[in-house]
Structures are given as C-alpha cells and as structure tokens.
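So the sequences go chain by chain: A and B. Letter by letter, the first sequence follows residues 1 to 223 in the UniProt record's numbering. Letter by letter, the second sequence follows residues 1 to 222 in the UniProt record's numbering.
Simulated from the structure, these hints should not be mistaken for lab results. Even glycine gets a Cβ: it sits at the ideal position worked out from N, Cα and C. Hints should not be assumed to be uniformly reliable.
[Said to hold, decoys possible] Cβ pair distances, simulated, as ranges:
hint	chain 1	residue 1	chain 2	residue 2	range
1	A	Glu29	B	Lys46	26 to 34 Å
2	B	Lys138	A	Pro114	36 to 44 Å
3	A	Asn130	B	Asp61	49 to 57 Å
4	A	Arg217	B	Leu109	42 to 50 Å
5	B	Val28	A	Asp101	41 to 49 Å
6	A	Arg187	B	Asn11	39 to 47 Å
7	A	Met63	B	Ser202	30 to 38 Å
8	A	Asp146	B	Glu214	48 to 56 Å
9	B	Ser186	A	Asp101	44 to 52 Å
10	A	Glu116	B	Lys78	22 to 30 Å
11	A	Lys49	B	Asn193	30 to 38 Å
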Amino acid sequence: MSSKPVLHYVNARGKMECIRWLLAAAGVEFEEKFIETSEDLEKLRKDGKLMFEQVPMVEIDGMTLVQTRAILNYIATKYDLSGKDMKERALIDMYTEGIIDLGDMIMQLVLCPPDEKQAKISLIKDRTKNRYLPAFEKVLKSHGQDYLVGNRLSRVDIHLLELLLYVEEIDSSLLAPFPLLQALKSRLSSLPNVKKFLQPGSQRKPPTDEKTIEKARKVFKFK
Amino acid sequence: MSGKPVLHYFNARGRMECIRWLLAAAGVEFEEKIIERPEDLEKLKKDGKLMFEQVPMVEIDGMTLVQTRAILNYIATKYDLSGKDMKERALIDMYAEGIADLNEMIVQLVITPPDQKEAKISLIKDRTKNRYLPAFEKVLKSHGQDYLVGNRLSRVDIHLLELLLYVEEIDSSLLAPFPLVKALKSRLSSLPNVKKFLQPGSQRKPPTDEKALEEARKVFKF
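Isolated chain A, as found in the complex (with noise of 0.2 Å):
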C-alpha cells in the first residue's frame, strides 16, 4: 500500500488539477490511477469509495476523500499552506473562493455547445480583466509583499499562479495591465517545486482536447 496520496480521476485536468498543482508546489509526490471506462467509475462506487459517487477522490492517511475544496484543505492545512490563523485563513479563503468562481467559468467552456463559445469566452474576459484580475492586483498593491496573504506562499498563491496560466491560454493580453499579478506570477514560477511542475514529464494535465471529452463523456455518461 502505497504511503503517497492516490488520486483517481481521469486523465484531464478537470477538478482535480487545482489538487495536482497545490502536492506539487508542497513538494508532495503522488501517484494517479486513471479512469478510463465507465466501468472503472462503477468499481469504485460498488467499492463504496465515492461518498457521494463522484470524482475527484484522494485516497490520503488512511482517508478516502471526496469534494474539490475537502482534498485542498485538508492538503494546505497539512503542508501549512493555510495561513498561520484564522484571519489569515479567512483572506486565504475569501481570494480562494474568488479565483475558483472564475476558474469553473474556464473550466465550463470545455463542454460548452460550439454556438454558446463565443458568449461564454467574452464573458470570462469581461470578468477577468474587470473583476478578478483587478481585485487581486489591489491586494498586492495595498501590502508590497511578494505573496498574496502573510508575506509568505501560501496555497492561494499556488490557485492563482495556476488561474493566471489559464488566462493566458485563452488570451495573454489579460495580464498586460497588471504588473503586480505578472511579477507574482514569475517569482512563483521560479519556485524550484513550481518550476519542476512547469517542465514537460510532469504530472501536470495540458489543456483538454475534443478526443479527452469524448472520452470523459462516456465515462461519466453526460451529454
């Protein structure tokens, strides 16, 4: 029985890659068992695994954790990466929360139907460059530090560096107005863990394409 964290999903980035990238940036390493057919979804759910017959699951100490923000917490309170009180945390929190409201935008946009596209990816612009990016731009204005919350990385550093290439993937343009959110994201970057990420090899999920949904469709049986 293996002693790193498990994690069964299929082989996409999905909900679980914010999981993949906050062990990586702890310098956790883990091992992934994919789901490859509808079957495979079946074993785990007669095996009584999915508490609520869903995946992402964390097989991690002896647990076997459902729900995106369980896994995340239970991993940044572990490595420390949660802030060192409750305020911190709150802010840890709140910017959380705000960059996975944006993040489930671009996440959408993989099963959205072809004619919607260009609506949905307007609006994920209109919000990012007037919304998120600015908001998070004032936090690091307001205190000069180089991280988000307590002058020292913490797990919502690790979120936002992963939304920002998201961004970019979509538009690089989006960061242009932003100095602050840029220079985060290159000292981030160079972190030895984060950079190691980054390379090619590493468990890192690249962006999810036709044949990966088609595949996604029939495991998990949606339209």
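Following the hints, complete the assembly by docking chain B onto the known chain A.
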C-alpha cells in the same frame, strides 16, 4: 460600531441563509443590513466593500468578508464547530460540500424558468433519495453517535439540518426511508439555539415566493 457581525444581503435566503443558521446555532447575535434597491448594492461596490462585487458580505471582527465558504469557515473555526483536528475537519468538509451541492440545486430552483422546473425538481428528488440522504444515513449508522462527526456538534450537523428542512419543503416523504437522519433532525431541532431560530420572529428567512422574486428581477435586472 457594532461588535456584532453585520450581514449584508437581500431580504431572502439565497446564499446568506447558511451563514444565518451557523451564527444562530453558535448563539451569536448578528445584525442585518438589507439591500433593497440597486443604489444600495452600488454604494457597497463603490465603497470598495465587495472584493468581487458580490454579496453575501459580512463585517466581522474588523474584516469585510465576501464568499460564502470563507465566511462560514471563519465562523466555524471561531466558535469551535470545525472538529478537533485535521482529520475530523476533512470529514466535516467532505460532508459539508456534499450538502452544499444538493443545496445549490435547490437554491437554483427559484430562478429556474417555469418550463424547466419539473425536470429540476425530479432531479433534486432523485439525488436526495438515491445519493445524498443514503450517504448521511450510512455515516450515522457507521458510528451510532448523536452527531455526524466526532461525537459532538459541528457545523455540518447544522448545514444538514438546514438542508433537511428544504428537502421537506419540496416533499416531506423524502425523509421517510432514513430513520437515523430523521432522529438527528429531531435532536438538533431541540438544541436551545436551534429551537429559538426555528421559531417565528427569528432572523430565519421564509421560502422565496414568486412575487418577491419578480420584484428582485426588476430591481436587480437578472
């Protein structure tokens, strides 16, 4: 300036109700500033109080917090409703997120177009009786204790109670096959703070009726 938390939201359940529940269960008195007109919301935005231009927003302990989960996490930690250690917290979080998923489906019902409503309600009933309630019945059966986690009251008991009341509003027969969940609901409803919150005249909000929703649509343009 009030020492009590101040909740900024519409006069409705929406995404603030779970916060009202948790504060009430923790025995914490709170004030509410109700947003009635678009100007009220605009003022909050202009004053820089809404980090992502959205409510819920809660002023608490010198902070101006937005994002429901951030607010809930802070309250739960402050009032020792988050379990005794990391592992209890992992269970609490896992259960709470499942509850939030079903609750989200129910919250969305109020803004679902009438022609899609029946299908949504069917899905909610299906998930309730085949996915979510069985999961929580199984937890209670596995340890035989009076609370979901750690043999004492935590935030997730309160989240579940709130959810069960909404499930009952949709269809009271949905709880019938789940005796342990029903017993938990009874026990929790008798806790002094909860009992008080369940009584008329508390800050608990009623179901969102069609009229209030139409007004809100006109005023807030959604």
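We went through each hint and held it up to the structure:
Hint check: A/Glu29 to B/Lys46, Cβ distance near 48 Å, so the stated range 26 to 34 Å is violated. In this structure, B/Lys138 and A/Pro114 meet the distance hint of 36 to 44 Å, their C-beta atoms being roughly 42 Å apart. About 30 Å separates the C-beta atoms of A/Asn130 and B/Asp61, a value inconsistent with the hinted range of 49 to 57 Å. Range check, A/Arg217 to B/Leu109: about 26 Å between beta-carbon atoms, so the 42 to 50 Å window is missed.
At about 27 Å, the CB distance of B/Val28 to A/Asp101 disagrees with the hint of 41 to 49 Å. About 45 Å separates the C-beta atoms of A/Arg187 and B/Asn11, a value consistent with the hinted range of 39 to 47 Å. Roughly 37 Å separates the CB atoms of A/Met63 and B/Ser202, a value that falls within the hinted 30 to 38 Å. About 50 Å separates the C-beta atoms of A/Asp146 and B/Glu214, a value consistent with the hinted range of 48 to 56 Å.
At roughly 37 Å, the beta-carbon separation of B/Ser186 and A/Asp101 lies outside the given 44 to 52 Å, and the hint is violated. Between A/Glu116 and B/Lys78 the CB atoms are about 42 Å apart, so this pair departs from the stated range of 22 to 30 Å. For the hinted restraint 30 to 38 Å between A/Lys49 and B/Asn193, the CB-CB distance of approximately 36 Å keeps it satisfied.
Going through the hint list in order, the structure does not satisfy hints 1, 3, 4, 5, 9 and 10.
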